[in-house]
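Engineer: From just these sequences and the hints, can you work out the full model?
Number of protein chains: 2
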Amino acid sequence: MKTTIKNSEPLQLEPIGHIFSDFADPFGIPRQPGLASAARATLVLCSPYNDPLSVRGLEDFSHIWLTFIFHLSPKRWTPLVRPPRLGGNTKMGVFATRSTHRPNRLGLSLVTLEHIDTRHGVCLSLSGADLANGTPVVDIKPYLPWLEARPDARGGFAPEPPLLCHVVFSNQARQQLAARADCENFSTLIQQVLAQDPRPAYRRSPDTRIHGIRLRDVDVRFRATRENVLEVIELRPA
Amino acid sequence: MKTTIKNSEPLQLEPIGHIFSDFADPFGIPRQPGLASAARATLVLCSPYNDPLSVRGLEDFSHIWLTFIFHLSPKRWTPLVRPPRLGGNTKMGVFATRSTHRPNRLGLSLVTLEHIDTRHGVCLSLSGADLANGTPVVDIKPYLPWLEARPDARGGFAPEPPLLCHVVFSNQARQQLAARADCENFSTLIQQVLAQDPRPAYRRSPDTRIHGIRLRDVDVRFRATRENVLEVIELRPA
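Protein sequences, first through last, are from chains A and B. Residue 177 in the numbering used here sits at position 187 of the first sequence, with consecutive numbering throughout. Residue 68 in the numbering used here sits at position 78 of the second sequence, with consecutive numbering throughout.
It should be emphasised that the hints constitute simulated quantities derived from the structure, not laboratory data. All clues given are correct.
Copies of the same chain look alike in the list, so a pair counts if it fits in one copy or across any two.
The calculated lysine to aspartate or glutamate pairs, modelled on EDC-like cross-linking and capped at a C-alpha distance of 20 Å, are: (1) K65 <-> D41; (2) K65 <-> D15; (3) K65 <-> E4; (4) K81 <-> D41; (5) K81 <-> E150; (6) K81 <-> E49; (7) K81 <-> D50.
Structural biologist: Following this line, the structure appears as structure tokens:
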């Protein structure tokens, strides 16, 4: 039943809403959703999609799929990418990875739906979301466990969660955290985010450089003191 | 960290490939992927995405996500839809369903990757695909079981697979099947597709009408003889 199909059909997408999150810029965003359960995000639907009727029944699902645009990624792409998990030295096909540098820049995340607020439009509270602030979302779908939970699937070059680093806090960082209203959750978030070692893959060994990632209202300054150990030095106002 | 985000960012998608499948028209397409494991489909990537390098490493994954366009669905949408599973009488929010009539017309299917052929461009052989012939595909991603298999997720109004009908064949249909080279697989496919009762939800009781669905090269004629029983009457060349 082969038919000829033209190759240039243009398809226009419109955001149905946008993400407001802890992640101000792409550096430091967990590489997969769910690895930073302390990350909070809000999806605010926009007109005409923010009719409360459009999410009727969604509150009974614990997990949802978000399809979104990697709006901070460049539009150009290459057939081969270097997954951080493979140390940055091995090239894989872009479609064999979840790389953010991909044709059409489409992202797909499974997130936990915490709450839906329909008092003014539609706001979804999410956790475990690996999404940059401002991300345009183009679809929401419910997660169907009987169909989409396939624990026996073969996971190719990424068959299990990535190895995590140990995260320690300097005295200064500990004091700065203690002074915050969101101390406990923010401390967990920093640990979950740094445990995935957000440094570029080629820096996966101890180095003297101080790195920074923006989380919420601060720049989290850290360095790799020993193999697989990252130390949070201080929280600097962003 | 609330910021103002403009609502009208236009986003252009380009198909990376197209589906060639057993399903010539939308009527009869299984409502969820994986429910018709006998359904075969081929995803043929198009230029410039059909570089064999772009799928390097993908063959080691057993399951992949396809993001595609419901190109046969109307572009208009409504906030409420009537899921067939609820008998067609109950309205749910469009984002609480996997309805094909949705904003941006984006589809998401988990399919089994059987084989990749890179001799001339890139062709992926798939099974369990609920995709109409000619469907434009806009992304391929590997399925990550450690991240995306959440068997304990709460499945809202669709917590388990839909109830299936019993499918029987008339003598005529049986003889027509026996004469085909693809007899065994095609017979399984017909059973899997009809077991989901492709009739409109409001016809879920026995009726005298003869229905037809196009599968491969034939029009499969059937009727609902008893409660939850569909009889295949004949295979008519399409």
